[in-house]
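Protein sequences, first through last, are from chains X, A and Y.
Start counting the first sequence at 1; every next residue gets the next number (my numbering).
Start counting the second sequence at 194; every next residue gets the next number (my numbering).
Start counting the third sequence at 390; every next residue gets the next number (my numbering).
Keep in mind that the hints were calculated from the coordinates and are not lab data.
Remember, it's a predicted structure, so these values are computed and weren't measured experimentally.
Positions of the beta carbon are idealized from the N, C-alpha and C atoms, including for glycine.
Any given hint could turn out to be false.
[Said to hold, decoys possible] Listed below are the simulated EDC-like cross-link pairs for lysine to aspartate or glutamate, each with C-alpha atoms no more than 20 Å apart in a straight line:
1. Lys-325/A to Asp-166/X
2. Lys-325/A to Asp-300/A
3. Lys-326/A to Asp-166/X
4. Lys-66/X to Glu-477/Y
5. Lys-374/A to Asp-350/A
6. Lys-14/X to Glu-116/X
7. Lys-344/A to Asp-377/A
8. Lys-326/A to Asp-350/A
9. Lys-96/X to Asp-377/A
10. Lys-161/X to Asp-324/A
11. Lys-226/A to Glu-243/A
12. Lys-514/Y to Asp-377/A
13. Lys-197/A to Glu-116/X
14. Lys-281/A to Asp-377/A
15. Lys-96/X to Glu-530/Y
16. Lys-96/X to Glu-234/A
17. Lys-96/X to Asp-458/Y
18. Lys-226/A to Asp-458/Y
19. Lys-307/A to Glu-515/Y
20. Lys-197/A to Asp-126/X
21. Lys-190/X to Glu-515/Y
22. Lys-14/X to Asp-126/X
[As the list claims (entries may be wrong)] Between beta-carbon pairs, the in silico distance windows are:
23. Asp-166/X to Lys-422/Y: 38 to 44 Å
24. Pro-485/Y to Thr-91/X: 49 to 55 Å
25. Ile-577/Y to Leu-205/A: 27 to 33 Å
26. Ile-475/Y to Ile-62/X: 24 to 30 Å
[What the hints assert, rightly or not] Residues from chain A that keep clear of chain X, each with C-beta distances beyond 10 Å, as calculated:
27. Lys-197
28. Ser-198
29. Asn-199
30. Ala-232
31. Ala-236
32. Glu-243
33. Ala-254
34. Lys-255
35. Val-308
36. Lys-325
37. Gln-330
38. Ala-343
39. Asp-350
40. Leu-364
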Amino acid sequence: MANKLSLITKGFIKENPTFVLVLGMCPTLATTTSAINGLEMGLATLFVLVLSNIAISLISPIVPDKVHIPVYIVVIATFVTVLQLVMQAYTPSVYKTLGLFIPLIVVNCIILGRAEAFACKNNWIDSALDGLGIGLGFTASLTVIGIVREILGSGSVFGWKFIAGDGILAFVMAPGAFMVLGYLLVLFNKIKK
Amino acid sequence: MAAKSNLQNMALCLTLTCLLCSAILGMVYAVTKAPIDAAAEAAAKAAIAEVLPEGGDISEAKTADLDGTTYEYYEEMGGGQVVAYAVKSSTNGFGGNLSLMVGVLPDGTIYNTKVLSHSETPGLGAKCTSDKKFTSQWNGFAKDKKLAVAKDGGDVDAITASTITSRAYTLAVSQARDLIKMLDPDATTGASLFDK
Amino acid sequence: MEYFLIIISAIFVNNIVLAQFLGICPFLGVSNKLSTASGMSLAVCFVITLATVVTYLVNQYLLVPFGLDFLQTIAFILVIAALVQIVEIVLKKVSPSLYQALGIYLPLITTNCAVLGVAITVVTKEFTFGSAAPHMLNLAESTVYAFATALGYGLAMVLFSGLREHLALNDVPKAFKGLPVALITVSIMAMAFLGFSGIV
């Protein structure tokens, strides 16, 4: 049981996809202009990660070695397209905000990485938990970056404004994304020691 | 672990995966098609309704050309007459395409405007969606006021520090008004909800 | 004139790395040395342009006529993966010297989100350049846009790797070593590129 629990919790600190493995940088930087955007992007990735991990752990024993990468990519792309269709139907405004970065989940290295490193060697329950753990870790990191950028850039948290006027605009724009991630990595390095 | 590869099982495996995946996608597509269309239509309708007076019947999309550009517009009918138009108008803002829905009364008064999409700088030009002072001035922008920002000698109050966005916004509105002037030349005789 | 604006916009104003956040992983991963960075940039340039042309045609003549545009994501990634493989095989046979220079970067490019990102952008986004009305890009414009975007990628990559070579020689505080200080450097570069915004 403790083993199963560690599958879920490892994503937050020990194998945090953003701060330790430094994977999936594009959505991490691009969609974290506010806490809510970061959270939504994290959850979208979590959805694809869990489903693709389950599917890949089930099919990997019968997939011939030489074609396993193409097969995995097709499986991942299928789930991404399912996600696109579902989001367009039921949460069109979120789909519009995250835009290009929803289809780009296909090339998020976290997902193919987990398929290669974990899902193809473990049973489907463990793979689902692994996907859940890493996905939650990714969601948490994106939300934290979003919170920091929103506080500095707009003076609000989750849309709740606590200072009048504007924040430091650069933090909502591209330079702020790189800078916040850089300093959070420093902080993470310090805490982990 | 993974099975040994040979040509047959590789081809078979790829074919099966693709078949299975397309089956899943076809199914999901069939299920979500209706909600997607409904959501897109609702979003378009909401934007149109927001810039038009309440109570009329809104027509299907129509198109008209002005200065080599094709515009999409909608007519609102009330009592057998057109009471207002909604025009989709786009210009080049500071960061890219700025697209508006502009409600125009037949006499040339702007009823209201709404931003459909923009890529302006957050905190500066992006305020064209939120700055009350800027957005509220379009609510009943009188027909005899000049459509240009104050800096250029017009009657539009620009967003502070975002003159380019304000100019682009104003240009989009004025394109919409010019289109209606062309479509409805005897503008002053047109019926208006304000007269009733 | 329009092509000129597309090029300026894609290289400087909307730089793919510093403003659009695409292709960050290889940008951070292989920018340690100027030589590898320029090799990767060349390979990316080649593949982005080729992939955009092919996916544009696939979209225009295969997906759209049959109402299958919801399959864009899956079709494009497969086309790109296949294309990279073909390029690798052809290069190996036709020009071993070019293969030597670019070969090792090619497998990494399939999962470079810049390639898929540009391919999807040109078929879904309306562009406005200069006084022209917003419109979807045609094939020639898409090709120019893709090539210019790739040049922007190369520019950012080469500049950054130059800076990084110098960073490596400096005494950086321990917690900042490696990626953190690299990210802060990119941040300052992105600030400099902000100066280009609004010129097109």
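Practice task
Any hints from earlier that this structure breaks? Give me their numbers in increasing order, please.
Solution key: 2, 5, 7, 9, 11, 12, 15, 20, 21, 25, 27, 28, 29, 30, 31
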